[in-house]
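Engineer: Protein chains in written order, with our numbering: chain A, 46 to 189; chain B, 5 to 68; chain C, 319 to 550.
Please keep in mind that the hints were generated in silico from the structure rather than gathered at the bench. One or more of the hints may lead you astray.
Subject to a maximum C-alpha distance of 30 Å in a straight line, what follows is the list of computed BS3-like cross-link-like pairs (lysine-lysine) [to be verified]: (1) A/K186 - C/K340; (2) B/K39 - C/K471; (3) A/K57 - A/K108; (4) A/K50 - C/K399; (5) C/K464 - B/K39; (6) C/K365 - A/K57; (7) A/K108 - A/K186; (8) B/K40 - C/K399; (9) A/K53 - C/K471; (10) B/K39 - A/K155; (11) A/K57 - C/K399; (12) C/K365 - A/K108; (13) C/K488 - A/K53; (14) C/K324 - B/K39; (15) C/K471 - B/K40; (16) B/K40 - C/K365; (17) A/K146 - C/K365; (18) C/K340 - A/K183; (19) A/K114 - A/K50; (20) C/K365 - B/K39; (21) C/K340 - A/K50; (22) A/K184 - C/K365; (23) C/K365 - A/K113; (24) A/K146 - C/K488; (25) A/K114 - C/K365; (26) A/K100 - C/K488; (27) C/K471 - A/K50; (28) B/K40 - A/K114; (29) A/K53 - C/K365; (30) A/K57 - C/K464; (31) B/K40 - C/K488.
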Amino acid sequence: MIFSKSTKTRLKIFSLIVIAASIILFFIYNNLQKNVVYFYAPQDIKNLTDTPSNKIRLGGLVKEGSLKKNNNTYVFIVTDLKDEIFVEYRGLLPNLFVEGKSAVVEGVLKDKKYFIASTILAKHDENYMPPEVANSLKKNKLNK
Amino acid sequence: MISNFLNMGGYGLYIWLSYTFAALSLTSLYYFSVKKLNSIKNIEYLYQSEKIEEVSVSAQANRS
Amino acid sequence: MFGIFKPRTFFNLANTSIFWLKIIFAFALVVGLILSLVFSPTDYLQKDSVRIMYVHVPSSWISLFIFLIIGISSFISLIFKVRVFSVYAKSLAPIGLVFSLISIVTGSLWGYPTWGTFWSWDGRLTSMFVLVLTYILYVSLWSFIKNYNSAEKITNIVGIVGLINIPIIKFSVAWWNTLHQPASITLTAAPTIHSSMLAPLLIMFFSFCILSLIIFLIRYKYEIINFRVNKK
């Protein structure tokens with residue numbers, strides 16, 4: 046087949062755009078499919094009609110005083126201040142994983158009250174402050 | 005003292021890698037931008053005189 | 319009033335200002351680095367890893383801001399045929415690409431010790447990844463297409479279409495559940511970041527802005543000559 050030089054260039058450009066656009070659309074589609082619901086809150090899980098068997102993410106606050114360590118297994122409660130779910134995890138906890146702060150856990154639901162996590166991601170919030178400020182804030186809270 | 009500073013409370017590796025990556029990539033961006041500009045000779049003269057013909061000839065001569 | 323958009327005025331301005339810009343940049347960078355690496359306090363949770371933020375956040379802001387300018391310039395160039403705006407966009411694109419890469423790399427290096435993972439496909443990280451792809455597409459189209467006029471037209475379209483992504487990146491942390499934390503600095507509320515950490519952040523941002531301007535002026539000089547050669 047004989048194409049003129051400019052036709053070939055146009056074809057090349059066209060296919061480049063199509064490839065690039067489909068890669069971008071694929072990521073957007075993927076994002077919308079899975080990551081609009083990047084994680085479920087405990088209340089969302091309560092409202093599910095059936096227990097999903099695939100891997101999901103659960104996010105919320107780690108309830109204060111709920112973290113217990115048994116050998117290498119951690120058990121704690123993730124709450125959205127409305128509902129609570131027990132989470133079991135075997136492995137190392139990330140540094141920012143603290144009681145009273147947010148975390149996202151990845152794994153499967155055993156039932157609607159018990160989650161078996163394979164990965165734990167600590168979620169940081171939008172507050173940045175030096176330790177002294179954090180301490181004085183904590184004190185003020187306790188004094189109230 | 006110095007090793008304490010470099011260690012950054014255990015986060016040293018990540019901090020220094022971040023700053024180094026930023027420094028290296030920005031330096032090379034600057035370097036290549038200057039190099040590209042310097043590949044055209046007599047830019048001031050050519051530009052100010054607005055003799056586009058000459059710009060065109062010398063720019064192509066430099067490119068090849 | 320629009321004299322500054324005339325290539326020659328701009329060109330002369332670049333020649334006189336670049337020396338002073340370099341001095342301001344060097345000064346701001348030294349102050350910013352000393353503040354962010356030595357004098358700023360550690361965060362109560364993130365400890366020292368918060369120092370990565372002083373590079374990560376300014377880079378992300380600049381990469382978004384530059385794409386915003388590219389998009390608007392592409393629009394002006396395509397619709398109103400003020401073709402010097404394509405030259406602005408073309409000169410800015412590699413700078414934006416480098417800053418978006420810095421944002422992703424430093425972000426991962428922060429994420430690993432704090433979140434516990436280098437990467438996760440949440441709304442913010444995915445949309446930022448799309449921005450990097452868009453920058454790569456934009457820059458490579460300029461270098462692959464040899465005919466200046468068609469390269470200009472196609473990259474203008476990419477710039478305009480890519481603009482859709484900017485509000486998605488900005489509001490992803492508000493619209494969806496994401497691993498990435500929400501914005502600490504907004505136009506509507508007081509920043510939720512302590513002033514001792516806000517200062518180095520803003521100084522680093524300022525120095526990165528000046529650096530972008532310097533590199534832009536250098537690239538612009540090259541591209542405007544290139545444009546005049548190719549316009550014929």
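Engineer: Give a verdict on every hint.
Structural biologist: Hints and how they fare:
no., hint, verdict
1, A/K186 - C/K340, "violated (48 Å)"
2, B/K39 - C/K471, "holds (27 Å)"
3, A/K57 - A/K108, "violated (57 Å)"
4, A/K50 - C/K399, "holds (27 Å)"
5, C/K464 - B/K39, "holds (21 Å)"
6, C/K365 - A/K57, "violated (51 Å)"
7, A/K108 - A/K186, "holds (17 Å)"
8, B/K40 - C/K399, "holds (27 Å)"
9, A/K53 - C/K471, "holds (18 Å)"
10, B/K39 - A/K155, "violated (61 Å)"
11, A/K57 - C/K399, "holds (26 Å)"
12, C/K365 - A/K108, "holds (22 Å)"
13, C/K488 - A/K53, "violated (39 Å)"
14, C/K324 - B/K39, "holds (25 Å)"
15, C/K471 - B/K40, "holds (24 Å)"
16, B/K40 - C/K365, "violated (42 Å)"
17, A/K146 - C/K365, "holds (15 Å)"
18, C/K340 - A/K183, "violated (45 Å)"
19, A/K114 - A/K50, "violated (70 Å)"
20, C/K365 - B/K39, "violated (41 Å)"
21, C/K340 - A/K50, "violated (46 Å)"
22, A/K184 - C/K365, "holds (20 Å)"
23, C/K365 - A/K113, "holds (24 Å)"
24, A/K146 - C/K488, "holds (24 Å)"
25, A/K114 - C/K365, "holds (24 Å)"
26, A/K100 - C/K488, "holds (28 Å)"
27, C/K471 - A/K50, "holds (19 Å)"
28, B/K40 - A/K114, "violated (60 Å)"
29, A/K53 - C/K365, "violated (57 Å)"
30, A/K57 - C/K464, "holds (12 Å)"
31, B/K40 - C/K488, "violated (34 Å)"
Consistency with the previously given hints fails for numbers 1, 3, 6, 10, 13, 16, 18, 19, 20, 21, 28, 29, 31, ordered from lowest to highest.
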